[in-house]
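Residues per chain are reported as follows:
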Amino acid sequence: MTAVAPSTSMGLDSRKLGMWTFLASEFLFFGAFVSAYLLYIDETNGGPGIEIFDIPFTSVSSFVLLMSSLTMVLAHNSHVRGDLRRMRLWTLATAGQGMVFLGGQVYEFTVFYREGLDLTQSPFASSFFFLTGFHGAHVAIGVLLLLGLYSLSLTGKVKVGQDVKTEMVGLYWHFVDIIWVIIFTVVYLIPELRV
Amino acid sequence: MASTTAAAETPRLRPSKPTGFLSWVATTDHKRIGILYFWTVLAFFFIGGVESSLIRAQLAQAELSVLTPEIYNQMFTMHGITMVFLVVMPFAAAFFNYLLPLMIGARDVAFPRLNAFSYWFYLFGGIFLYSSFFLGGAPNGSWVGYAPLSTNAVSNMAFYAVGIQILGVSSLASAINFIVTIINMRAPGMTFMRMPMFVWMTLTTSFLLLFAVPIIAVALFMLQFDAVFNAQFFQPASGGDPILYQHLFWLFGHPEVYIMILPAMGIVSEVMPTFSRKPLFGYAAMAFAGAAIGFIGFGVWAHHMFTSAIGPVPRSAFAVATMFIAVPTGIKIFNWVFTMWGGRIRFTTAMLFSVGFVSMFTIGGLSGVMHAIVPHNAQQHDTYFVVAHFHYVLFGGALFGLISGVYYWFPKVTGRLMNEKLGKVHFWTWLFGFNLTFGPMHMSGLLGQPRRTAVLPGELGATVELYNLLSSLGVVVLAISASIFLYNLIRSIRSGEASGDDPWDARTIEWMTATPPKHHNFDVIPVVTSRDEFWHRKYAESEEGIPVAVPVGASVDEESDAGHDEHIHMPDPSLWPAIHTLGVLPLGYGLVYANWLLVGIGAVWMVAGMFGWIIEPLAEGDDDEPAVAGAAAH
Ligand code: HEM
Ligand SMILES: [Cu+2]
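From first to last, the protein sequence lines are chains A and B. Mapping of the first sequence onto the working numbering: position 95 corresponds to residue 95, and the numbering continues sequentially without gaps. Mapping of the second sequence onto the working numbering: position 352 corresponds to residue 1352, and the numbering continues sequentially without gaps.
Bound conformation, chain A alone:
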């Protein structure tokens, strides 16, 4: 199978262009959630507010998520070099880190819930859970994509020379990471300066 480069008007792979376009839209999606959170940051309705955050804990899970971008790059790089074995390894590593992050989020949500912060408590609580929860859902979908990529590379559906597939998952994954950098700064760090 020789891959003939598709001839497109811009010389860009259409699938990549499609992914970029989609991610452009996603920025507004998260932008709206962030705005709502900032609007409601003090509307705690007598319940817990930003003091509830455990910055050291979240810093660690953020670090794990950021490192997963590195392994994602390594996975793509191995694929480009035609080394599917390493590509699988790094893909799994990335998914694993994503799952660690998700585990951290589940733990964090549980702790908050025990301390009296749940979705129905206040506008602050609703917007916090929405912003971080929708981000978590994006991470979960990313993990699913990574595991899919892994298993399809085993069945031979993802082949050497088709590194654009790994690249697409990578684009999405980096996007999710960037969004987390924004969320971590806006939700956890900046309010901390005020306390």
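No lab work stands behind these hints: they were computed from the structure. A couple of the hints might just be wrong.
Here are the computed distance ranges between Cβ atoms for each label pair [as the list claims (entries may be wrong)]:
hint: 1; chain 1: B; residue 1: 1323; chain 2: A; residue 2: 151; range: 53 to 61 Å
hint: 2; chain 1: A; residue 1: 133; chain 2: B; residue 2: 1192; range: 37 to 45 Å
hint: 3; chain 1: B; residue 1: 1373; chain 2: A; residue 2: 190; range: 37 to 45 Å
hint: 4; chain 1: B; residue 1: 1295; chain 2: A; residue 2: 10; range: 17 to 25 Å
hint: 5; chain 1: B; residue 1: 1450; chain 2: A; residue 2: 31; range: 30 to 38 Å
hint: 6; chain 1: B; residue 1: 1314; chain 2: A; residue 2: 27; range: 44 to 52 Å
hint: 7; chain 1: A; residue 1: 92; chain 2: B; residue 2: 1382; range: 27 to 35 Å
hint: 8; chain 1: A; residue 1: 54; chain 2: B; residue 2: 1323; range: 49 to 57 Å
hint: 9; chain 1: A; residue 1: 31; chain 2: B; residue 2: 1527; range: 22 to 30 Å
hint: 10; chain 1: A; residue 1: 110; chain 2: B; residue 2: 1311; range: 38 to 46 Å
Among the chain A residues that face chain B by a calculated CB cut under 8 Å, a handful are [claimed, not checked]:
hint: 11; residue: 22
hint: 12; residue: 23
hint: 13; residue: 25
hint: 14; residue: 32
hint: 15; residue: 33
hint: 16; residue: 45
hint: 17; residue: 122
hint: 18; residue: 126
hint: 19; residue: 127
Which chain B residues stay away from chain A? Per the calculated CB distances, all over 12 Å, these [what the hints assert, rightly or not]:
hint: 20; residue: 1079
hint: 21; residue: 1178
hint: 22; residue: 1342
hint: 23; residue: 1498
hint: 24; residue: 1546
hint: 25; residue: 1615
All of these numbers come straight from a predicted model, not from anything done at the bench. Note that the Cβ used here is the ideal one computed from N, Cα and C, for glycine as well.
Assemble chain B with the ligands onto chain A, guided by the hints.
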């Protein structure tokens, strides 16, 4: 390319017959998807029309009780939702689908299966919304769904929140698809500044959707969770802010009105030059005015909220921005007029509807500028004057333009002409009925008749009653006119006069191929050397600037070798988009009824469908590398 024959491995879920029910369910052909959109739109247009007739029956006189207030609220809500999300937007999508690849010289859109996905999401979203009638009543909190009214259980707005969400996914997917198609799949020589104006407007509309849909998605999620799961986004009691909902809604809502009007503007910009036998006047100004409308369109949303608590500074700023947006709109109107100016105009039905568009849209645009004046707005807000305004732009504008497109491209799709005599009867009754219905609403609105009110109060007086009666009579005229259209449509499909390949002496390349087009659109992808490519292949210009026909055969792309079609690599049909999207129904009902089992079933279903989709190659024997149906055949 690897051989196509070696693929006889595992049997696949892929219907291979070119006709029959399954072939439509599995189609990935942009032309067929366009046709599916069209008929679905007609069905919803009929339903939306019945709803509006019931509204007008109730308001024909003061103090009537044809409908209970509860039913009345459901009617105007579902009417608004239907016309906006299930008629005008997908009507435009029907044209995008059918025409876009033909107009830029491509064999299909960039992602044919994603295109089918968009259609099924649209269909299931519509069915989902309408199923609410059988499940305790339709949404009744108006198409804007203002919180917190819309978050209490009586309003049944959970169906609204989830239903519009589903339709939003459909729009987002097609926006991405069309953007990539236009950027990446133009024929050789088809530069941006040579694209037909309709393609420009498709591009602008798609970008508007791309950036507006995620915002309404957020608003709807919040609304949904407030309504069903007791979240506190818009509940003033706990510190929530109802104005936030309004901001989010209109940040989507204003771009949305351009999403509805720009496709019609694109159509009119194709029809007018053809029937004036002149190029579009001010092509570049037209294209950039469209883009300018798109940009400014994101900065005027609060003109819908002048009477809400937003403060004097935002009021002034948004008033100015709103008046400003009238400038590019005005540029467009003048350009259409100058396109006709001095042309050899043929008043076909398509042309009449385009002229109707320009005149009616101008009326609606002028009342729009009146809304932008803040003190004026306080007087007009939530009266029938507003109802008159948005029907002049949506019905007199968008719908006239879209119908013009139906008459114009009907021969392209069917190979037959629509009956012109019936078409003209349709046009004149439509124009008359439209003005009779919506013209008087300007007056009754200025006299103080409130909108979204189930009973016309007697104390408003006899003048208002007369205007309302006229309005309701107008609906009768419209109903007759619509029947003429439907009759003409069906009769012409069955036995219309054969049209030939180029019935209108058209200008753009979709008319260069067979009519109706073959599955792969073009045997040979044309090489484009100018704007209005087809026209320039047919006519040269004499010294006085008069078009002179070029002898037949003087300019052809290099002839295809015989049997060339067989090498053209097209995407195969696929059932996966339909299977995958079906999962949205359990998911949606689960969210409305807070039933996690259903949500789980839907989610697993959709993920499984996604994997089926990924594993199946785009075309049999293909290893989805390279992309299929690009600008070049291989
Ligand atoms: C068949 C002819 C039509 C008639 C007789 C009609 C009539 C009406 C009436 C009486 C209302 C209710 C106003 C109120 O009580 O506030 C209404 C609302 C509305 N109509 Fe139409 N209409 C027609 C076609 C259309 C079309 C083609 C569109 C869109 C392109 C449209 C879009 C809307 C919208 C968005 C609303 C607002 C709904 C709401 O208040 O939530 N209508 N229409
Ligand atoms: Cu607006």
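Now for the hints, and whether the structure bears them out:
1. 1323/B x 151/A: 53 to 61 Å: holds, 58 Å
2. 133/A x 1192/B: 37 to 45 Å: Given a distance of about 41 Å, which is inside 37 to 45 Å, the answer is holds.
3. 1373/B x 190/A: 37 to 45 Å: Hint holds: Cβ distance 40 Å, inside 37 to 45 Å.
4. 1295/B x 10/A: 17 to 25 Å: holds, 22 Å
5. 1450/B x 31/A: 30 to 38 Å: Taking Cβ atoms as reference, residue 1450/B and residue 31/A lie about 36 Å apart, which means the hint holds.
6. 1314/B x 27/A: 44 to 52 Å: violated, 24 Å
7. 92/A x 1382/B: 27 to 35 Å: Distance hint for residue 92/A, residue 1382/B is violated at roughly 58 Å.
8. 54/A x 1323/B: 49 to 57 Å: holds, 51 Å
9. 31/A x 1527/B: 22 to 30 Å: violated, 42 Å
10. 110/A x 1311/B: 38 to 46 Å: Since residue 110/A and residue 1311/B have Cβ atoms about 41 Å apart, the given range 38 to 46 Å holds.
11. 22: The hint holds - residue 22/A has a Cβ within 8 Å of chain B, the shortest such distance being about 5 Å.
12. 23: Violated, because the Cβ-Cβ distance from residue 23/A to chain B comes to roughly 10 Å (cut-off 8 Å).
13. 25: holds, 5 Å
14. 32: holds, 4 Å
15. 33: At 6 Å from the nearest chain B Cβ, residue 33/A passes the 8 Å test, so the hint holds.
16. 45: Holds, because the Cβ-Cβ distance from residue 45/A to chain B comes to roughly 4 Å (cut-off 8 Å).
17. 122: Constraint on residue 122/A satisfied, holds at 6 Å.
18. 126: holds, 4 Å
19. 127: holds, 7 Å
20. 1079: holds, 28 Å
21. 1178: Residue 1178/B not clear of chain A: closest Cβ-Cβ about 10 Å, inside 12 Å.
22. 1342: holds, 35 Å
23. 1498: Holds: least Cβ distance 35 Å, greater than 12 Å.
24. 1546: holds, 35 Å
25. 1615: violated, 6 Å
Figure legend: structure checked against the earlier numbered hints; hints not met, in rising order: 6, 7, 9, 12, 21 and 25.
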